[in-house]
Structure formats: C-alpha cells, structure tokens
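A.B. asks: Chains A and B are the protein sequences, given in the same order.
For the first sequence, the numbering used here begins at 1 and goes up steadily by one.
For the second sequence, the numbering used here begins at 1 and goes up steadily by one.
Just so you know, the hints here were simulated from the structure itself, not pulled from any lab data.
Remember, predicted model here, so these are calculated numbers, not experimental data.
Mixed in with the good hints, there may be bad ones.
[Claimed, not checked] Taking lysine-lysine and the BS3-like style, the derived pairs with C-alpha atoms no more than 27 angstroms apart in a straight line are:
| hint | chain 1 | residue 1 | chain 2 | residue 2 |
| --- | --- | --- | --- | --- |
| 1 | B | K210 | B | K191 |
| 2 | A | K400 | A | K326 |
| 3 | A | K52 | B | K559 |
| 4 | B | K280 | A | K314 |
| 5 | B | K394 | A | K117 |
| 6 | B | K191 | B | K377 |
| 7 | A | K314 | B | K209 |
| 8 | A | K52 | B | K577 |
| 9 | B | K373 | B | K388 |
| 10 | B | K212 | B | K299 |
| 11 | A | K117 | B | K204 |
| 12 | B | K212 | A | K320 |
| 13 | B | K191 | B | K133 |
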Amino acid sequence: MEQLVKKYADKLIQAKLGQSSGPSQPLVGGLDNTLVWNREADEIPVLEDVFKGLHINSLVFLKPAEPYGSLLDYLAANALKSNGLIQPKDCETRTFLHDLPVINEFCADKIVQALKKRKSVIIAPPKNNKSFKGPAIVAHGTVSPEQGFVTISSVCFASFIKFFTDYLEALQTGLATADVHALFDVIIPYVKPVQKKLPEFTPSPFPNEETVYSAIIEAGRKTIEYELVDSYFGNVSYFWNETLYISQTGSSMDELRGCIDPVPMDGSTSAGLTASSELCAHMETVSRTGCKAILHGHPKFCVILSMDCDPVEKAACSFKEHCHIKCPKKRFAGSTPIVPGEVGTGPFGLCNTLPLALEQTNSAIVYGHGLFTIGNNNFSQAFCTMLEVEDFCRNSYIKKVRLLRKA
Amino acid sequence: MYGWTGKILIIDLTKKTIGVETPDLDVYNRYVGGKGFGGRYLRQCATLPWDHPDMVICIFTGPLTGTISPTSGRAHILSKSPLTGLVGDSSVGGKLATRLKRAGWDGIVIKGKSKIPVGIMIEDNRVEFKDAKGLWGLDTNAVHKRIRPKNASLACIGPAAENGVHFASIIVDRHFAAGRSGLGLSLAKKKIKYILVGGTGHCKVKNQKKLKLAREDILRLTAASPALMGQFGFTCLGTGAVYDLMDNRRMMPTDNFRRTRFKHASKLNAAAYTRTYSPKKHGCLGCHILCKKIGTKNKNSFAMPEFETMSHFTALIGCMDTELVVKANERCNYLGMDTISAASTLACRREITGLDYTRGKVLSLLDDIAFGKGEGKDLAMGSKHYAKKMGAPKAAMAVKGLELPAYDPRGAYGMALGYALSTRGGCHLRAYPISHEIFRKPVATDRFSFSGKARIIKIAEDLNAVVDSLIACKFIFFAAGLEEYATAYEAVTGIETSAQDLLKKGECIYYNERIINAMNKFDADDDDLPDRFFTETGSSTNNIRIPPINRGAFLEARKKYYNIRGLTANGLPKKEKAQTLGLLWNNL
Ligand SMILES: [Zn+2]
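Bound conformation, chain A alone (with noise of 0.2 angstroms):
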C-alpha cells in the first residue's frame, strides 16, 4: 500500500494535475488494515473521517494544478448556483462517472454524503472561506488508489473539455459574458501548442515478436509524453504475423510492459478476453485498411472540436439528445471525419462506425471521445497524423474564438 499510495501522487504529478511542491501537492491514502498517506497534510483528519464513513480501501485528495483549478472553480461555482452538479457531455463522463457533485465546504459529513453516490465530489468554498482554498477534487476506491487517480484524471479532462465547449457555445449564442472572457484569457497561456518535433520511433519492418511488443511500448509512452491522452488510457496495437497485438482494457500507456495481449486474427484462442474494449474496432479497422498500426488518444482539442455544432442547425435536430451516437450530420475537422460511436460493442458502438471512416482516410475522430489514427507499417505515421490532427483543431478553434470575439 505505502507503494501504491506514492506511486499515484507521483503519478498525478507528472500528469501536471498536481505539483511536487506548493498547495496542488496530490495527497492519497490507502487502507488496508492500517491506513497509510502518501505524505503528511492538515487535510487528513479530515480525510480520516471520510474513511470512516464509507465501505473504502482508498481516498486521492488534490487541488489540482492551473488552469484546471480555475476552470473547476468557475464551473463548480456555477454548479453550485444551479443543482450542485456540474455535467460534462464527453464520453468519458457519460460512461464512467455520469456527473460531477460539487460542495462548498471541506467536511467530512458532506464528503461522505457526495462519495456514497458518486466516484467523486469537488468542494469549492466561497472566496471568502478562509480556513479552506479551493476547488479540491477528492475521489475513493475500493481496490486501488489508481481508482481515484483515474478518477480525478478524468474529471479535470472533462472540466476542461466542458469548459471550452461551453465557451464556444456561449460565444456562438451570444451568451459569453465578462467573467468567461476573462477566465479564458486567463487560462489559455497553460495551453500550449501541440510539440512539433516528432520523436524516433523504431523502423519497421519488426524483425520479431519481441521487437512488436517493445515498439508497442515505445508508442504508448511517446503518447503519453506529447500529452495526447488523459488518464494515461487510451489504446495501441500493432498487427504483425496474423495476430494483433493490442494493449489490455485499463492499462496505462506509460506502463505497457506484461499489459499487451497477443489476438489471432483467427479467433482461435480467447486469451483477448482482457484486451481493449476497443479490439473489435481495431480489428475490423485493419481487417478493412490492412494497416498495421493503430494509435488511439484522447487529445484535448480533437475532443473539444468534435461537440462544436452550429447552434441554430442543432436547436433544430432531432437528434440534438443523442449527438454522440446518432449525429447524423457528415462533419469534418480540417480532413478528418468525425463519427458518432460509444465505447466497445454495444449497438452504437464505435466499432460499427469508425471501421468504415478509416477506410477512407487515416485518421478518425469520435465524437465527444477522442482520436484514432492508423499507419500503413509503423507507429510513426500514426503519431506524426495525430499531432497533426490536434495541432489542427487547437489552431482552429482559437481562429474560431478570435473571429467570434471581434464579431
């Protein structure tokens, strides 16, 4: 546990979500018998009693680093004026956490109460409060401490692709007001534009098994290096020798090592049982492209880009409720389409529509979710597309407030 307890504050911190020193020091607790924190924090007594209260094994603490602290801040604050909740409408929200409770003091009756329903809950005093700064994310597991860093990974995502939609929107509609545009100006020097310089990555052709496992590695690491994922998730594979070779549901692409399961294309064994949820589309996308590699991420501005949609058009849809699996408007960002599709096999499942959009082109982005992208022979074409791709929609979408704003 005292491992474990480390290795996702440490974690947290690379992720830039928290900060090594200062108050978005991550703190996380794990109990098995006895209870062990990553460090020591006036929070904790506090935190103590929230254990107390829930049937839990572990507990992650962070106010997180800018500019999600001031994202969260405003839109808690919102939230709190409205039903105490704030809804993103990305995917990840929509699946995994279905909304984001939000309370406006560090107690531990009000943790509790919020943590009994949901995976987590922000705790954003008023100004004024001065026992207590926030916004603060706290989030609980029961068989990990990575519960709550994934957690608490994929509500700042969610914060800050709401935010942006939101802007967008609020721009678009004329409804944008002082406060936001000066939120926006504020945040916007932490989003830094997309690196450039593409990294080395092994050439193919791969002489052997053992070098198809270490590029795979290699891929999913430079992801989560040029920042083109959150939560570390997201999804890799590699087809070589009639097999696919794919990285395994929940693992972290900075730690793919003994996470990457071999599937013959055959069906002749099961052990990809525990690979991605998203195998079926990888499979069906090389069974139709004959491409070899397929890189999935969740960049922030392919996710932001892919929910923007003419608000007049959309008030008037009928299917306005269910962009994210019935859009069906062709959309495009720059060249890449954008496909509606829910995570896995379900019958609106993403593997039903990305296939066939990755037959036309190498790139393709799902709606309110993320990229994929494909190379013919190795993982550089699939990186150096999707650094493209985000470049892309982050240019775009700052064209698209700046134009909206003069107007």
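Please build the complex by placing chain B with the ligand on the supplied structure of chain A, with the hints as guidance.
C.D. replies: For chain B with the ligand alone, kept in the frame of chain A given last:
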C-alpha cells in the same frame, strides 16, 4: 409497496399447509431479497441438522426481479448445506425468479417433510401439492419432458439427490443448475421432486423513467466491457472464454492441483467447442448478455459446459476430450449433481488410486455416484469424506468440504484469501477477486501479492452479498457498479439509497452468515487452504513464476481480514459488532 410484492409464501410439507408472511417495508429494505432473506430465515433454525424436518429451504427473488433492471432474473436458493454443514446457497438462472415474482411472491420458505414424493405447483395465488411418485427416479430431462412447463419455470432434482449424493444440484429450466452446496439433496430429504412456477402478474416499479435511465447507464458500461460483450467475451463464447486466459496465466488446476498448466489446453478451449457444436446464445429471462450457450450435435440440443466444467473435466482429471466434457456435463445435469464437486472428487480419486481415466470410466463413475453403486457410494459424499476414508485426507482439494473451482490460488492471492474465508467453503464467487486480479476491473491489482487484499476481499464479499439479494448477476460487475444499481434500486422501490448504503446492507447479510457458521462451530481452523498450496510449486515459465503461497503472509492477511471484518482472532463474530449491525446475537 414498490419493488416487492409484499408476500412471502410459507409452505409446511408435514402438514401440507401454506401460509403467507407480509413483512414490513423496513424488513424488506433491510434484508433486500435473495440471499439476504434466505439468511434471515436460516438464522432462525441455524443449529438444526441440515436434514431436520424444521430446516428451511428458501427460494428468493429480489426487488429488481421482474423489472427491466439488467440481469435481475436470477433466483437465490439457500438452506444448510448437506455437503459442508455451512450456509449453503446457490444463485440460479433461467426463468424461476421472474415467474415467482410475477406470481406475486417475493420468495418461498419450505419447512417440514413430505411422506411421499411431491411436486409443488404455484400458479399466481394458487398453490397445490402434486403427487410425484411417478416421477421419482427420473432424471431431470425426463421430468422436464413429462411436465412440459411451457411458459412456467420448472426446478427439479434428479436421481443423484434421491440417492443421497452430497453435492446434488437443483436443475432449473433444463439448462440452469443451482450447483453448489448440495441443495438438491435438501429438496430430496423433504421429498420434493419438483417445483413448477407460473406467474402472469406485473411487478410494480415506482419510477419507470428513472429505471430506464439507470438501465441505459448499465448497458452502456457492459457494452464497454471486453469480458462481457467483446468478441471473445461471455456473450459470444460463454464463460468458457476464461479457459485460454487461465492457461495463459498458468493458473489452470491440473492433476488435482498438483500442477497449474495443462499442456493440451490450447486444443480444449472455447474455440474448439465452437467449431464442433456451433453453440447458440441463451440465458436468464430478461438478460442481454446471454452467457449460456446451447450446442447442437446430431439434432440434439444441450447446454454447453461452463468454464469450471470445461477445466475440471479436462486438466483436473487428466483428460483431453471435449466430447467427454460435453457428455459429463450432460450426465451431471440429467442426474442432478454439481460438476465442480463431481470432477474434483474424481480428481481426488485419481490422485489416491493412481488410476487414469478413459471417457467410459468417467461416465460410468458419474452414474455410480448418482445411483450409489460400488465405490460411487463413497465418492457421493464429496472429496473430503472420500479422501479421509481412503486414508489420504490431504488429497481433498476443498475448503470446509466444498471442492475448489478452476482457479489455482497460487496464481491469484486474493483468490487464495477469498477461498479460505468464504462462508460456503471453497467458492470463487463470494469475493470474486478474479475481477481485478485477472480481468483488470475496476482496476488491476497485483495477483501475486496480499497487499491490500484483506480489505478488498471484505468489501467485495459485502458487495456480492447485496448483489445476490437485489438481484443482479455477478458478471455484470465486471462492468457496472453499485453506483448504477443504487439508482435502479431507488427507481424500483422509491427508497432513497446509495452505493455505500447497499454495501452496508451487504455487510449485515454477510456477517449474519458468519454468525450462522460460528453457531455451527466453524472457526479460524476452517478458514484455511489445503496444505498443497503452501508447500508445492505450480507450473512456472520464464516470465511467470508460480511459487507456493507463503503461509506466513497468508496468515497475516487473514488476521487483517478478521480485524477489518470485526471478528475475533479465532475468526468468530463479536457481540458488539453484531449489535452495531443491528443483528440478533446468540452466545456462541
Ligand atoms: Zn478512448
């Protein structure tokens, strides 16, 4: 009242009378249904012998049963186990629960003992006792053919139960077994050959719209689960999908747990069965996963073996014959006995006698067990009794007398702890650690470590106890959580709750089982694994080492568990803890 029908059917077979109990809403909200209610009634006669006329057999539905809440169609059957003397319970699929609920009953409690074989027929409000003399001796398939239940659900026993097999099962709707703990024998003792349930009513839901949303959330999560809905998942390949995984992880129990790798495994996997038997999807009423597979060969249709059966009738007993597995599975279903205990007892026999099996020998021994012929009579008592009688007690691969399923605990330490501590003996489902140790859900844990496992096991036991009461299928928790099911519970019953409130109910249900077992003199000495796992290595590879489990580390984790669960150092319940949970207390 929403969610529950408000009525429990009480049947007294000695007097041939029926009664109705109508518990208050807070009793319902406390015990929930299924396992919770079963435990409530068992507690009242906890110290009676399993075959005492006043011993109860409980069959319960849950508040979610009969609604659109996903996977709510399972029934929970509970009594004192003839095989182990512990709490004996089994969750069973098919239509039984849905029909019972629609007939207007939350559950049935059966007491007393009939003099002659009877059938119990329930048709909505009407309950009749039928003479079943003419059916006694028939196998379960023949009973099904004779009764022809059509839309009704039929639960029945076969010759194994009638002849006293301690691991006799109850077969529901031909293909679904309440396999573990020997509950078929409990029915046979009361001379019940079958229970036929027809129900046409509707289950009342407080807020159908909210329930629909909860359902959508749960379905979305299952669609995202490779283990359930992926092309290698349970929906396509049945539970047999796990076979390759266990081989790959070097934790397939082989040669009575003397090895953890069976070298023929790759030819005996789910894909091999699919090629030969082209199985079709089938499942519990209202389920969307449909993990049951029905195969066909030569125009005959039959239930395909579940994963445990596939594994134990090959690797555990040293056979490499898919046809044998299918036949043995069919024999066990027809005769009405648990495939896990049957195969494990045969594996124990093989280790002790040194005699290998042929297909013919396995099938004839299964018949001998069911009909009490020759050495079948001793084998019918289960591996623990058999091994003891043969002077080799250590060859019984069982915990508290219940034979272990097909996951070698040397390959998953949470499983080791879960097996040892389960209130029904060697069971993988009470804590189901395979979820995180193998399927990586909700997140992966280190399968070769006890770190954190004591609390993980405790929380998971509470979770599964409430899941078996709600009712939902354990498989769906590879994907969804109590968070989503709490919303379903609220929508159905109108009672405000949360994931954590439900866990709390699970804790009470589970602690009550610990009390029942303690009242029957079970303690820490029984919460243990067979020696083999602490002394012998499994089948390692260059990358995966399968050493014996470190006994010190195991005992340390068990000690932590006792502390977290609120038990004494000897594994016994405490008065103070029982009272905090609002449970009755008996001095032990
Ligand atoms: Zn994704």
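A.B. asks: Against this structure, judge whether each hint is valid.
C.D. replies: Hint by hint, here is what the structure shows:
1. K210/B to K191/B: Outside the cut-off at roughly 44 angstroms; violated.
2. K400/A to K326/A: holds, 25 angstroms
3. K52/A to K559/B: holds, 20 angstroms
4. K280/B to K314/A: At roughly 43 angstroms apart (the allowed maximum being 27 angstroms), K314/A and K280/B break the hint.
5. K394/B to K117/A: violated, 46 angstroms
6. K191/B to K377/B: holds, 20 angstroms
7. K314/A to K209/B: Since the Cα atoms of K314/A and K209/B sit roughly 25 angstroms apart, the hinted pair holds (cutoff 27 angstroms).
8. K52/A to K577/B: holds, 15 angstroms
9. K373/B to K388/B: Holds. K373/B to K388/B sits at ~19 angstroms (cutoff 27 angstroms).
10. K212/B to K299/B: Violated: K212/B and K299/B sit about 40 angstroms apart, past 27 angstroms.
11. K117/A to K204/B: holds, 24 angstroms
12. K212/B to K320/A: holds, 19 angstroms
13. K191/B to K133/B: This hinted pair holds, its Cα atoms lying about 10 angstroms apart.
The structure is inconsistent with the numbered hints 1, 4, 5, 10, although it conforms to all the rest.
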